[in-house]
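Visitor: The whole structure should be built from the sequences, with the hints applied where relevant.
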Amino acid sequence: MYNLEVDQMFARILVAIITGAIIGLEREIKNKPAGFITHTVLCVGAAIISMIQIKLSYESVNFLINYPELSQGIKIDTGRLIAQVVSGVGFLGAGTIIQNKGNVRGITTAATLWLTACLGIAVGLGYFTLALGTAIIITGVVMLLKRIEVRHIEKRIPKKIIIEYKLNKDIEKNIKNFLEIKRIKIYDKKYIRESYNGDITKRITEFSLMMPKFIDIENLINELSKVEGILKINNVRIDGK
Numbered sequence: 001m002y003n004l005e006v007d008q009m010f011a012r013i014l015v016a017i018i019t020g021a022i023i024g025l026e027r028e029i030k031n032k033p034a035g036f037i038t039h040t041v042l043c044v045g046a047a048i049i050s051m052i053q054i055k056l057s058y059e060s061v062n063f064l065i066n067y068p069e070l071s072q073g074i075k076i077d078t079g080r081l082i083a084q085v086v087s088g089v090g091f092l093g094a095g096t097i098i099q100n101k102g103n104v105r106g107i108t109t110a111a112t113l114w115l116t117a118c119l120g121i122a123v124g125l126g127y128f129t130l131a132l133g134t135a136i137i138i139t140g141v142v143m144l145l146k147r148i149e150v151r152h153i154e155k156r157i158p159k160k161i162i163i164e165y166k167l168n169k170d171i172e173k174n175i176k177n178f179l180e181i182k183r184i185k186i187y188d189k190k191y192i193r194e195s196y197n198g199d200i201t202k203r204i205t206e207f208s209l210m211m212p213k214f215i216d217i218e219n220l221i222n223e224l225s226k227v228e229g230i231l232k233i234n235n236v237r238i239d240g241k
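FYI, full-length UniProt numbering numbers position 126 of the sequence shown as 126, with every residue one higher than the one before it.
Read the hints as simulated data drawn from the structure, not as lab findings. Note that this is a predicted model, so its numbers are computed, not measured. All residues carry an ideal CB built from backbone N, CA and C; glycine is no exception. Check the hints yourself; a few may be wrong.
What the hints assert, rightly or not - Each pair of labels, with its calculated beta carbon distance range:
| hint | residue 1 | residue 2 | range |
| --- | --- | --- | --- |
| 1 | 86 | 136 | 17 to 25 Å |
| 2 | 195 | 143 | 52 to 60 Å |
| 3 | 149 | 4 | 20 to 28 Å |
| 4 | 71 | 145 | 49 to 57 Å |
| 5 | 94 | 58 | 43 to 51 Å |
| 6 | 182 | 86 | 28 to 36 Å |
| 7 | 195 | 94 | 44 to 52 Å |
| 8 | 226 | 149 | 33 to 41 Å |
| 9 | 202 | 137 | 54 to 62 Å |
| 10 | 68 | 133 | 35 to 43 Å |
As the list claims (entries may be wrong) - Cross-link-like lysine-lysine pairs, in silico, DSS-like; alpha carbons within 25 Å at most:
| hint | residue 1 | residue 2 |
| --- | --- | --- |
| 11 | 189 | 160 |
| 12 | 232 | 159 |
| 13 | 189 | 213 |
| 14 | 166 | 226 |
| 15 | 202 | 160 |
| 16 | 202 | 166 |
| 17 | 232 | 202 |
| 18 | 55 | 32 |
| 19 | 159 | 185 |
| 20 | 176 | 146 |
| 21 | 166 | 182 |
| 22 | 169 | 232 |
| 23 | 213 | 176 |
| 24 | 202 | 173 |
Guide: Following this line, the structure appears as C-alpha cells:
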C-alpha cells in the first residue's frame with residue numbers, strides 16, 4: 001500500500017481535467033444537456049474519491065501495523081468509496097435521459113457520464129495511459145459511429161394504420177409487397193374483425209409499421225388505397241402524434 005504526495009495528487013487532478021474535457025467537449029459540441037463542464041467536474045470528483053480511498057487505505061494499514069492487537073476487529077475495505085461512485089453516478093445519468101411521446105433521448109450522454117466516472121477512478125488510481133487513451137478512442141468512435149448512423153442507417157418512426165379490405169388469397173401479400181417497396185416494416189399485425197356478405201368476406205386489420213421519417217403518412221395512405229381490394233384506410237394516432 002502506498003501513500004500519495006501533494007504533487008502527485010495535483011498531477012492526477014490535472015489528468016482528470018484533461019480526460020473529462022476530451023469526452024465532454026464532444027457532448028458540448030452536440031449541445032447535449034451534460035457537456036464540457038459536467039464531464040470535467042465528474043471526472044475530477046471521481047479521481048478525488050479514488051485518491052481519498054488510497055489515502056484511507058494507507059492510513060488504515062499503518063494504524064494496524066502500529067496496533068496489531070486491533071487487527072481482528074478492524075477490516076480494511078479498499079473499494080467501498082469507489083464502488084459508491086460507480087453506482088451513484090447512475091442518478092446523474094438518469095437526469096440526462098428524456099422521454100417524450102415514446103422517444104427516448106440522452107442515453108448516450110448518460111453512458112458517457114458513467115464512463116467518465118470510471119475514467120476518473122482510473123486516473124485517481126494512477127492509470128493515466130488507460131484513462132487518456134480510452135477517452136480519446138471513445139470520443140473518436142462516438143463521432144465516427146454518429147456519421148455512419150446519419151449516412152447509412154435510416155431513422156424510423158412507428159405508425160399504425162387500420163385497413164379494411166376484401167379478403168382473398170393475394171390481398172395481404174400485395175399489401176406486404178407494397179410496404180416493402182417503400183422500405184416500411186410490419187412489426188405487428190392484429191385482426192380486428194371479419195364480416196360476410198354473400199361470397200364476399202371483408203376483413204379489418206391493424207398494421208403496426210416502422211416507417212422511414214421522410215415518408216408522409218397521408219401520401220402513403222393515398223397510394224396504398226389504390227391497391228386492388230382495399231376499401232378503406234385509417235391512420236391511428238400514437239401518443240398524440
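Visitor: Name the hints, by number, that the structure is in violation of.
Guide: 3, 5, 6, 18 and 20
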